[in-house]
Amino acid sequence: LAKTTQPISMDSYEGQEVNITCSHNNIATNDYITWYQQFPSQGPRFIIQGYKTKVTNEVASLFIPADRKSSTLSLPRVSLSDTAVYYCLVGDSGAAGNKLTFGGGTRVLVKP
Amino acid sequence: DVKVTQSSRYLVKRTGEKVFLECVQDMDHENMFWYRQDPGLGLRLIYFSYDVKMKEKGDIPEGYSVSREKKERFSLILESASTNQTSMYLCASSHLDRENTGELFFGEGSRLTVL
Numbered sequence: 002l003a004k005t006t007q008p009i010s011m012d013s014y015e016g017q018e019v020n021i022t023c024s025h026n027n028i029a030t031n032d033y034i035t036w037y038q039q040f041p042s043q044g045p046r047f048i049i050q051g052y053k054t055k056v057t058n059e060v061a062s063l064f065i066p067a068d069r070k071s072s073t074l075s076l077p078r079v080s081l082s083d084t085a086v087y088y089c090l091v092g093d094s095g096a097a098g099n100k101l102t103f104g105g106g107t108r109v110l111v112k113p
Numbered sequence: 003d004v005k006v007t008q009s010s011r012y013l014v015k016r017t018g019e020k021v022f023l024e025c026v027q028d029m030d031h032e033n034m035f036w037y038r039q040d041p042g043l044g045l046r047l048i049y050f051s052y053d054v055k056m057k058e059k060g061d062i063p064e065g066y067s068v069s070r071e072k073k074e075r076f077s078l079i080l081e082s083a084s085t086n087q088t089s090m091y092l093c094a095s096s097h098l099d100r101e102n103t104g105e106l107f108f109g110e111g112s113r114l115t116v117l
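Those protein sequence lines, which keep their order, are chains G and X.
To convert a position in the first sequence, counted from 1, into the working numbering, add 1.
To convert a position in the second sequence, counted from 1, into the working numbering, add 2.
With the rest of the complex left out, here is chain G (with noise of 0.2 Å):
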């Protein structure tokens, strides 16, 4: 079962890139990395998923490199609203059976 490492907070500015480093040394081959960004009194919402190299999206990118052991959420130029919880998660969410952890995530205060 993979376990994951991800800084528990961090503070920007609006306008700068925010990364977030997770960590998932014993991840499977099956295994995708996938991220979610949570509000105050909501439940957590899916950013973005992949399982190798880069992916992006129109919110954010993900880095991750060949041996998958981390993996970088980057939002490019922050805003105010982007304030929140940001976790990830990594497993085979579409296999039955399997156990999806999360890890403590990471929360990210954006300053004006």
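For the record, the hints were derived by calculation from the structure and aren't laboratory data.
Watch out, some of these pointers could steer you wrong.
As the list claims (entries may be wrong) - Quick list of in silico lysine-lysine cross-link-like pairs, DSSO-like style, CA-CA up to 27 Å:
| hint | chain 1 | residue 1 | chain 2 | residue 2 |
| --- | --- | --- | --- | --- |
| 1 | X | Lys-5 | G | Lys-100 |
| 2 | X | Lys-59 | G | Lys-4 |
| 3 | X | Lys-55 | X | Lys-20 |
| 4 | X | Lys-72 | G | Lys-100 |
| 5 | X | Lys-55 | G | Lys-70 |
| 6 | X | Lys-73 | X | Lys-55 |
Go by the hints and put chain X onto chain G.
Relative to the frame of chain G, chain X by itself:
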């Protein structure tokens, strides 16, 4: 639009009461999960299910049980609530299709206070 609905946003119960938290999804998902979330501890998996009448223990199943009688509904049961079960409870579901890679969809959460 996909939807995971949790029956109660806020509940207040007394120690020793039996508590039911209901979760319904309308996406025909096979997988369903119950997590609890506490400050500083992130999301911790209580139980999950990948089919009707199937259940698997998560990381913290003690004091909880679950029921999945229908595909769309997954219930979390606290047989005898205790104060240390005061928490935010989050339900999630995902598809079992490999090519879909199983994005988790979460409900809004149920905040339970046990007095």
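Here is what the structure says about each hint:
{"no.": "1", "hint": "X:Lys-5 - G:Lys-100", "in the structure": "holds (22 Å)"}
{"no.": "2", "hint": "X:Lys-59 - G:Lys-4", "in the structure": "holds (17 Å)"}
{"no.": "3", "hint": "X:Lys-55 - X:Lys-20", "in the structure": "holds (21 Å)"}
{"no.": "4", "hint": "X:Lys-72 - G:Lys-100", "in the structure": "holds (21 Å)"}
{"no.": "5", "hint": "X:Lys-55 - G:Lys-70", "in the structure": "violated (35 Å)"}
{"no.": "6", "hint": "X:Lys-73 - X:Lys-55", "in the structure": "holds (9 Å)"}
The earlier numbered hint that this structure contradicts is number 5, and it is the only one.
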